[in-house]
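K.L.:
Residue strings, one per chain:
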Amino acid sequence: DAGVTQSPTHLIKTRGQQVTLRCSPKSGHDTVSWYQQALGQGPQFIFQYYEEEERQRGNFPDRFSGHQFPNYSSELNVNALLLGDSALYLCASSPGLAGNTIYFGEGSWLTVV
Amino acid sequence: SQQGEEDPQALSIQEGENATMNCSYKTSINNLQWYRQNSGRGLVHLILIRSNEREKHSGRLRVTLDTSKKSSSLLITASRAADTASYFCATERGATNKLIFGTGTLLAVQP
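Chains as they are written, first to last, in the numbering used here: chain A, 1 to 113; chain B, 1001 to 1111.
Hints in this document: simulated from the structure, not taken from any laboratory.
Quick caveat, the model's predicted, so the values are computed rather than measured.
Incorrect hints may appear among the rest.
[Said to hold, decoys possible] What the simulated footprint calls covered on chain B by chain A, stretch by stretch (three residues with Cβ under 8 angstroms from a Cβ of chain A suffice, anywhere in the stretch; the number is not a length): (1) 1061–1073; (2) 1095–1109.
[To be verified] Among chain B residues calculated to face chain A with C-beta under 10 angstroms, some are: (3) Glu1006; (4) Asn1031; (5) Leu1048; (6) Arg1050; (7) Phe1088; (8) Glu1092.
Glycine included, every Cβ here is placed at the ideal spot set by N, Cα and C.
Isolated chain A, as found in the complex (with noise of 0.2 angstroms):
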């Protein structure tokens, strides 16, 4: 059973520059929800999806946004990048809305140059 799978690993962008991050969730969840986590910090929660629409967003500008497919899996969508954006961006799932585990991926390294 494949966890929660994320692409790609690192990369590396421009200030100004567009990213987008993928994640596959743990096969049977069918939520997914977005972290930033700046060096030495704690993750930091940027949006939840379920049922293909934006549940949650936590205190991140409109250039973060995303998308949820049919088959559960979530794309994160970054424009105008910053500095400041530099980060892992984690992906993480799980079944349902409320009260129960909830898994991570590996994370996508995002260096913003």
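Here the structure of chain A is known, so what remains is to put chain B in place on it, guided by the hints.
P.N.:
Structure of chain B alone, referenced to chain A:
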């Protein structure tokens, strides 16, 4: 913003010793989950403890939860060098599946 804080921020012990990490949080919770993170890698789930539970065990791990003090602890017994990692607590407020993380404890186990 962070929901809570782990204490200590860093901990160095010898192999075979026990390691205790504490987590405090600010608001009432639905559950609390502990995760391990090796350097530069993803989060590995360790234990979930619900707000109506006081203690849970998993192998060498023991987690306690005191909702009156808004705190939790993670005990790793008979530590190994492979336990070297950062440990985070994360709380779910209400029925949301949204986790709010603490600042983490960096554990170093010396062989």
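K.L.:
Hint by hint, say whether it matches the structure.
P.N.:
Hint check:
Against chain A, the stretch 1061–1073 of chain B contributes 0 residues with a C-beta closer than 8 angstroms to a partner C-beta. That does not satisfy the three-residue criterion, and the hint is violated. Taking a C-beta to C-beta cut-off of 8 angstroms, the stretch 1095–1109 of chain B contributes 10 residues in contact with chain A, enough for the three needed, and the coverage statement holds. Because the smallest distance between the Cβ of B/Glu1006 and any Cβ of chain A comes to about 9 angstroms, under 10 angstroms, the interface hint for this residue holds. Taken as an interface hint, B/Asn1031 checks out: its beta carbon lies about 6 angstroms from the nearest beta carbon of chain A, inside 10 angstroms.
A distance limit of 10 angstroms between C-beta atoms decides the matter here; for B/Leu1048 the minimum to chain A is near 5 angstroms, and the interface restraint holds. For B/Arg1050, the interface hint holds, since its Cβ comes within 10 angstroms of a Cβ in chain A; the closest pair sits about 7 angstroms apart. Taking 10 angstroms as the C-beta cut-off, the interface hint given for B/Phe1088 holds, the closest approach to chain A being about 6 angstroms. Look at B/Glu1092: its Cβ gets to within about 7 angstroms of chain A, closer than 10 angstroms, so that hint holds up.
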